[in-house]
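J.: So the sequence lines, in the order shown, correspond to chains A and B. Going by this note's numbering, the first residue of the first sequence is number 4, and it counts up by one from there. Going by this note's numbering, the first residue of the second sequence is number 702, and it counts up by one from there.
Watch out, some of these pointers could steer you wrong.
Looking from chain A toward chain B, a few residues come up when the C-beta cut is under 7 Å (computed) [unchecked claim]: (1) Pro99; (2) Ala176; (3) Asp206; (4) Val305; (5) Asp306; (6) Pro307; (7) Ala312; (8) Ile323.
These are calculated hints, taken from the structure and not from any lab test. Source: prediction; values computed, not measured. All C-beta atoms in this analysis are idealised placements derived from N, C-alpha and C, irrespective of residue type, glycine included.
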Amino acid sequence: MADVKALTAGLEGVVRRRLGAEGVGGLARVSAGATQEIWRFQMIGGGAEVPLILRRAPGGERVSPTAVGLENEAALIEAAAAAGVPVPPVRHVLQPDDGLGRGFIMGFVEGETLGGRIARGEAFAQTRTFLARQCGEILARIHAMDPTPFPQLRRSSPAELVAQYGEIYRATAWPRPVFDLALRWLSDRCPPPPAVPRLVHGDFRNGNLMVGPDGVRAVLDWEIAHVSDPMEDLGWICVGSWRFGVDDKPVGGFGRREDLWAGYEAAGGAPVRREHALWWEVFGSLRWGIMCSGMAGTFRTVDPNVERAVIARRASETEIDLMRLLAA
Amino acid sequence: MQDEPKPDEILAAVARFLREVAAPATTGHLSFNLKVAANALEMSRRQLELDPPAAEAEAARLRELLGQDGDLAQLNAELSLRLAAGALDLATPGVAEHLWATTLAKLAVDQPTYWGYRAALAELPQE
Chain A
4 MADVKALTAG LEGVVRRRLG AEGVGGLARV SAGATQEIWR FQMIGGGAEV
54 PLILRRAPGG ERVSPTAVGL ENEAALIEAA AAAGVPVPPV RHVLQPDDGL
104 GRGFIMGFVE GETLGGRIAR GEAFAQTRTF LARQCGEILA RIHAMDPTPF
154 PQLRRSSPAE LVAQYGEIYR ATAWPRPVFD LALRWLSDRC PPPPAVPRLV
204 HGDFRNGNLM VGPDGVRAVL DWEIAHVSDP MEDLGWICVG SWRFGVDDKP
254 VGGFGRREDL WAGYEAAGGA PVRREHALWW EVFGSLRWGI MCSGMAGTFR
304 TVDPNVERAV IARRASETEI DLMRLLAA
Chain B
702 MQDEPKPDEI LAAVARFLRE VAAPATTGHL SFNLKVAANA LEMSRRQLEL
752 DPPAAEAEAA RLRELLGQDG DLAQLNAELS LRLAAGALDL ATPGVAEHLW
802 ATTLAKLAVD QPTYWGYRAA LAELPQE
């Protein structure tokens, strides 16, 4: 693939100039994410090979309007590291004269990200006994981060988020009565704007956590971080779509809500009220459902990839989750 | 009259080929995408089989619930409007039953293995 050849040549230059290495090898695409390219490669130097990850805007330049931008994402990851959050080390943020577009190079962290293995695999049976609590502790550290160095992050109150996702849903022009029911339920019970808005990760869930037997080794995918009610993150990780079949472990299919909340409070997070957390879990299910259903339009217009069609049809799984939350 | 085999039989055979022959013969992204393609075909086959009677029952429930006529898209748009306005809600007789039946019918096509669907089937009172 010409793509791989050109990128290898570009990366050779970057690691020589910026990281004092001699070359690169084994460049391979890890994921064809819609908003980011993720590549794995070996940095070669001094007789050793160091595995690294390149996260890059698709084609180097296309930047999603809803994402924070790759330079900001790298800065967020560095700030998170300073706050004691496990993250991959950022090695280099691409500069215009690197000629590779926008993105950054980070260390490769060994572990498992596949949600089903973390939720059900025998190798993680012991890990699952403390993982939910540990996630609560990590979220408390994220929410203690100072958002002021990141003025570009979107700031939204709960009511604004409900209105924003309501608009996205209505723009699809496809009636989904269960979504209307949920939007109405959320509006009727909407919490006030948080007294202290916090930096939230925005996509903290099973699937975005690099997990080893010792627990969470790195929190990944900071591209939709924003400033909001901190309970948003605590609800999102409980959404049914990331339980991987383990219904009685609402936290990512690996733990109990009570353990998540206890870890959060013990590490300095604000006290959790059950109905407040439930509101955010309902919001999270609806948000994921609206994100899925939006794939139908993208599939028809700009990217007729079969995977998009299948994700679009996952919207109905959030409808059954919402029915179980609201009408059971 | 078109000849046999029928579309549902052909879709099932192509899905089986993708999943059992093509996917194991490849690796990485290509193998993954072949399984996604097999899933998409199986979903389409289920829709051909299950949707006609389910859509008819859904429309009948909606006409009863809303007291008006129209095609399925119009009826659903009207239900959406009334739920959004709060004119109908889960306390309205028939609304919860209708939404449950409709959602279960969607899952039977989209993802009959989804754990939440399985759990809902187990929890619901048997008719």
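J.: Out of the numbered hints, which ones does the structure contradict?
T.: 1, 2, 3, 4, 5 and 6
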